[in-house]
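*Asks:* Spelled out, the chains give:
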Amino acid sequence: MRARILVRPKEGILDPQGQAVERALPALGFEGVANVHIGRLIELDVEDPSRLPEMCERLLSNPLIESYEIEEAAK
Amino acid sequence: MKVGVIRFPGSCDDIDAQQAAARVGEAVLLWHRERDLQGVDAVIVPGGFSYGDYLRAGAIARFAPVMESVAEFASDGGLVFGICNGFQVLCEAHLLPGALLANTSLRFVFRQVELEVVRNDNPFTATCEPGERLSIPVKHTTGRFYAPDDQLDALEQRGQVVLRYAPGNNPNGSVRDIAGVCNEARNVFGLMPHPEHAVDALTGSTDGLKLLQSIAAHARQPAAAA
Numbered sequence: 001m002r003a004r005i006l007v008r009p010k011e012g013i014l015d016p017q018g019q020a021v022e023r024a025l026p027a028l029g030f031e032g033v034a035n036v037h038i039g040r041l042i043e044l045d046v047e048d049p050s051r052l053p054e055m056c057e058r059l060l061s062n063p064l065i066e067s068y069e070i071e072e073a074a075k
Numbered sequence: 076m077k078v079g080v081i082r083f084p085g086s087c088d089d090i091d092a093q094q095a096a097a098r099v100g101e102a103v104l105l106w107h108r109e110r111d112l113q114g115v116d117a118v119i120v121p122g123g124f125s126y127g128d129y130l131r132a133g134a135i136a137r138f139a140p141v142m143e144s145v146a147e148f149a150s151d152g153g154l155v156f157g158i159c160n161g162f163q164v165l166c167e168a169h170l171l172p173g174a175l176l177a178n179t180s181l182r183f184v185f186r187q188v189e190l191e192v193v194r195n196d197n198p199f200t201a202t203c204e205p206g207e208r209l210s211i212p213v214k215h216t217t218g219r220f221y222a223p224d225d226q227l228d229a230l231e232q233r234g235q236v237v238l239r240y241a242p243g244n245n246p247n248g249s250v251r252d253i254a255g256v257c258n259e260a261r262n263v264f265g266l267m268p269h270p271e272h273a274v275d276a277l278t279g280s281t282d283g284l285k286l287l288q289s290i291a292a293h294a295r296q297p298a299a300a301a
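Keeping their order, the protein sequence lines are chains A and B. Note that the first sequence covers residues 1 to 75 in our numbering. Note that the second sequence covers residues 76 to 301 in our numbering.
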């Protein structure tokens, strides 16, 4: 399986990257943008997808500060 | 006292830490691939960019073979001190609570900061008095200490917040101005500022030596290893 893992900063945790981008967009004339958050995208081929949650918990994300979501990606 | 300083690929403060520790005892480098801690009485996990800090700072270094031995050493009561990247590694390894996030400014900060000693009932700041100020440099981009509020309350209640940035000195947006925390057993300690860079009057402060002297006074081989 080709998996796509989205890692996001947990809600309520200050996300200065998102804030910086949120401030930069209006400066370029893109008004009306709010709640920008920046995370990480990981794509991988995996033989046993049932092990993905454990991979996410132990390495791919830090569960204290990040949430993750696993999707099947098109090959 | 014999201190072991871990060297990962990407460590850059290992030599400074070794030289600083050598002022209070013997100090050796421990290669990340080796499981043998060489009978040291205390371990320093130094600053730098272990394994390139890929994914998250410290996330991959925590799986290094040497870290298995460090975890065992810590669970037997051995003193483990993580500085900067070493603090990040110990948090990722769950030997310390919390996590280190990007500085609020998103900038690399490199300056002398004033720290306030919160507690001295641990082997790392026993030479200091509560309320005492220490002048020690910081140099990092990922130093904003974070833990959820309920966990922070518990940490404070149990006396695990050891050092704070003095008012007006918080360089990274750390919650509750926390600069250094220890584990519940008080034998593992992490600190973002660099005491190993504050051991010689030539560089402006010798306050970092106090922490090393404190470690030297309390370090011993864990019972299981002796």
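Treat the hints as calculated values from the structure; they're not laboratory data. Hints may contain errors.
Unchecked claim - Which stretches of chain B does chain A cover? Using the computed rule of at least three CB atoms under 8 Å from a CB of chain A, they are: (1) 170-177; (2) 201-215.
What the hints assert, rightly or not - Residues from chain B that keep clear of chain A, each with C-beta distances beyond 12 Å, as calculated: (3) Ser-180; (4) Gln-232; (5) Glu-259.
Ideal Cβ placement from N, Cα and C applies to all residues, glycine included.
*Asks:* Per the coverage rule (Cβ-Cβ under 8 Å, at least three residues), is the region 201-215 of chain B covered by chain A?
*Replies:* violated (count 0)
*Asks:* Quick one: work out the minimum CB distance from Glu-259/B to chain A and report holds if it exceeds 12 Å, violated otherwise.
*Replies:* At roughly 16 Å from the nearest Cβ of chain A, Glu-259/B sits farther out than 12 Å, so the non-interface label holds.
*Asks:* Holds or violated: the region 170-177 of chain B covered by chain A, criterion of 3 or more residues with Cβ-Cβ distance under 8 Å?
*Replies:* holds (count 4)
*Asks:* Would you assess whether Gln-232/B, listed as outside the interface, keeps its beta-carbon beyond 12 Å of every beta-carbon in chain A?
*Replies:* 19 Å, holds
*Asks:* Can we trust that Ser-180/B is non-interface, i.e. its beta-carbon lies farther than 12 Å from all of chain A?
*Replies:* 7 Å, violated
The structure shown violates the earlier hints numbered 2, 3.
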